Structure formats: C-alpha cells, structure tokens
Amino acid sequence: MILKKGKKHVVALMKCIRLGLLDTQFFLERVKDHPYVATCEESRPMIIETLKFLYDLEMITHRDGEVITPEIARPRVPHEVLFAIGGWSGGSPTNFIETYDTRADRWVKVEEVDPTGPRAYHGTAVVGFKIYVIGGFDGMDYFNSCRCFNAVDKNWKEIAPMHARRCYVSTAVLDNLIYAMGGYDGHHRQNTAEKYDHKTNQWSLIAPMNMQRSDASACNLNGKIYITGGFNGQECMHSAEVYDPEINQWSLINPMRSRRSGVSCIAYHGQVYVIGGFNGISRMCSGEKFNPQTNTWTPIPDMYNPRSNFAIEVIDDMIFAIGGFNGVTTIYHVECYDEKTNEWYEATDMNIYRSALSACVIDGLPNVQDYIHKHRDRLMEEKRQKMIALENQRNMAGMANNQSIISFQVNQQDNMAAAVNANMQQLNLLQQLNANLNPALPAAPEPPPPPAAPMDVDDNEDEGAAQ
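Going by numbering that gives the first Met the number 0, 251 is the number at position 252 of the sequence shown; the sequence numbering is gapless.
Derived from the structure by calculation, the hints contain no laboratory data.
For clarity, every value in this text was computed on a predicted model and none was experimentally measured.
Idealized CB from N, CA, C, for every residue including glycine.
Certain hints may be false.
Now the in silico label distances, taken between C-beta atoms and shown as ranges [as the list claims (entries may be wrong)]:
(1) 115 - 279: 26 to 36 angstroms
(2) 204 - 157: 19 to 29 angstroms
(3) 47 - 397: 34 to 44 angstroms
(4) 38 - 294: 55 to 65 angstroms
Calculated cross-link-like contacts (lysine-lysine; reagent style DSSO-like; alpha-carbon spacing at most 30 angstroms) [claimed, not checked]:
(5) 339 - 288
(6) 108 - 156
(7) 108 - 129
(8) 129 - 223
Working from the sequences, and respecting the hints, build out all of it.
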C-alpha cells in the first residue's frame, strides 16, 4: 500500500536526489529501469537530462569549451564545516586556516586568521559557533594563552590563560566545558589538567592524570574523557586512561597494542579510535579502537599514509585524518575511514603541507556559505581539467616508457656490436698469429662494421614539467 501511494510522488522524490552524482551503472539498473520510473511520463525529462550528463561525464576529456555542472549534479550545501587551523609548515609555524566542504570535496582558504600570530602543537575546541585555540608553540614561546574565533562575526579575541603553559596539549569538550590535559611547558612534561568554563571565562584545575603525557590525544565518549599515548620524556607510551568528571578521578584502562606519540584519537560509533603516531622507530599508518564495554583494543585497517602530529575529526559519519608528518616531510594528504565498509578512502589534499595542526567541526553555521566552495557550478569544469591533466600525464609516462624501451634496444644493439667487434678483433689476432706461424694460411679480412643504431629519440622535457 505504501509503495502504491509512493508511485504518485515519483517525480517529487526524484527532485530530492542529485541523480547526476549516482554511479552510472546504478542509475541505469536501479533508477531508470525501475517500473515506477519507466512508466512515469513526467519523469522522462529528468531521466534524459541525467543520461545526457552521465554520457558527458564519460566523455569529459574529449569535450571542447567549458563544462557547466547541472543542478542534478551540483553538490548541496553541507550542514557541517571542518576547520583546519595553524600548524607547522615550511620549517616554521603558520596561522593558515582552511575549511573543508564535504559536499564539493574542496578545501577553502579562510582569510580571517589570528592577527596575534601563528601557533603549532596547539589544541582546538568548539562550543556553539566559537572555536577556541588552546596553548601551543610559535617557534619561540610555549603558550598558556588561548584565543577564541567567532565563526559568525569572524572576530578573534583573547580569553583567560591556562594555569600552565602547554605545547603538545590534548583537548576535549564535555558538557560545554573545555578540558586541556598534559603537554610540555618548555621544561617538563606534565600530568596536570584543567577545564575552562566559557560562561565565566575561568580555568580551574582538575585531578592530575596518573602519568605525564605530552603529544597525546584525547576525546570524550559517554560522559567521560579518554586520553591515549603520548611521550613522557623517556619513551613513547602505549598506556591510556579515562577521566570521570562525576568523581574527578583518572583511571588507567588496558594499554594500546602499540606505543603511540603524536597520535590522534576520536570517539566514533561508541568506541575510541586511535590512529597513527610515532612508536619510537617510525611513523605509523596503523590504528586500533577501544571498546569501553569490554575494555579491549582491536586493530582497524591501515591508512594509506603513515603520519604523526596530524589532525583528526568526524564529519559526514567518517573519520578524517588530515596532514601530519610522515617521517620525512610534512604532508597535505587527507583520507577518511568509513566503518560501514571498514575501508580508508582518499580525499582532496589541503592547500598547504602542514603538521602539528588542529581541526574541529561546526554544525549548523548560519553563515555556512562563507566557508564553502563558491563556484559549485564549475566543479565539472575543474574535474574535466584534472582528467585532461591526468590523461596528459599518462601519455607522457607512456612516451617515457617507450623511450626507455628504445634506449634499452639501442644499448642492447651497441653491446652486441661491441661484442661482435671484440670477437672479430680477437679472431683476427689469432688468425694473424697463425698466418705468421704458417705463411700458407691467408690473413683474415677486415672486421665488418657494427650494425647501425636507430636515430636518437628527443628526450627533452617540457620546460614546466619539473616546476
């Protein structure tokens, strides 16, 4: 009965779907050929428009002129926006801010950076529409100062300082209170912790952790705060503990499977996910999750990129790992994990390489348009240009491969010619020697010339290829 009633509203329902974003095979088999759609004359224009768009998408690299993104494929405005703030880039701290538009899969530069200067190894926290930047390091000073960015009116202001200087700080938000834990003050790794009430603009100390932790990571889950890994001044740690605000007490939980400093953790689907970090030997791409019900850790699939000191957030019901340090250099790579498929996927890279950054998500911003990709009607043209560039890159790689084959063949022919020449010379010497010893034997003729090599292949790169 419900399905029969739904048949009347097929067109209205189809208008709520971005048909152009569907997989071509899925659209053909599950939408176009569905009995309700196939027998609905009013849906024919939408079906034809979608078919034309999907065909154009398949032929996108062969089209001339600019490609406009139709409404059926234009991404919607996101409900949530991810902010990536500060960090370490190009050998120094930065105050660069960019936002990630999940619907367009694009990073957008934010002009309203903190006028007081850059920060790295800091924490961020969100309460309402305000982003709080906690502690950190600017290359000279270890901060106890904190800043607040109002994402609606785009103003920065100073808030009350913490009791302690905290670089490599771990932060979390619980019941609109901001918690700052551990860190490094320039002299000592700390086990102290404190919380901030934005209503009173005051920090107050809470119970200290069981262990000193710098470069750890924290999150909240089920009304408690979990902190994992870190560095205590002597070794990378695999211990973890949980804070209960009801009794103001920290308790150790089962240790992680791996030691992790520069780690990132996040609450996701009722468990604490801990990803990446440094184990004292190398940067890691592995991850694990903690189940509070069983007090056990289990592994999750590896990331594509090993990384430490990266940012982590959950948006669109996926975990995003952002930037970081891979053991050789800072990176701008982004990837996301979906528990439903138990797989990692690559997302669009950030605009700049950076590690020691922090990220946060704001939901329901009234001025979300200020932080998302502006030219949503030009996304197909951007995609076409990328596909053309990729096709050209593949062609260049093919030419280079062919050139390598030709060079190999030339070298082989040269080597064969040299070997023939050497053998002929040795034979000639032997025959000359025999002729001298036995005048009745004729002298050997001159050795034949080596076989001709093919003409040289032009191996000059385009001037801009290496830039």
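Here is how each hint holds up against the structure:
Between residue 115 and residue 279 the C-beta distance comes to about 35 angstroms, which sits within the given range of 26 to 36 angstroms. The supplied range of 19 to 29 angstroms is met by residue 204 and residue 157, whose beta-carbon atoms lie about 21 angstroms from each other. In this structure the hint that residue 47 and residue 397 lie 34 to 44 angstroms apart at CB holds, the actual value being about 37 angstroms. Between residue 38 and residue 294 the C-beta distance comes to about 57 angstroms, which sits within the given range of 55 to 65 angstroms.
The hinted pair formed by residue 339 and residue 288 meets the criterion: a straight-line CA distance of about 15 angstroms does not exceed 30 angstroms. Note on residue 108 and residue 156: the hinted pairing holds, with a Cα-Cα distance of about 20 angstroms set against a maximum of 30 angstroms. Of the supplied pair hints, the one linking residue 108 and residue 129 holds, its CA atoms being roughly 18 angstroms apart against a limit of 30 angstroms. Pair hint residue 129 plus residue 223 holds up; C-alpha atoms about 22 angstroms apart against a cutoff of 30 angstroms.
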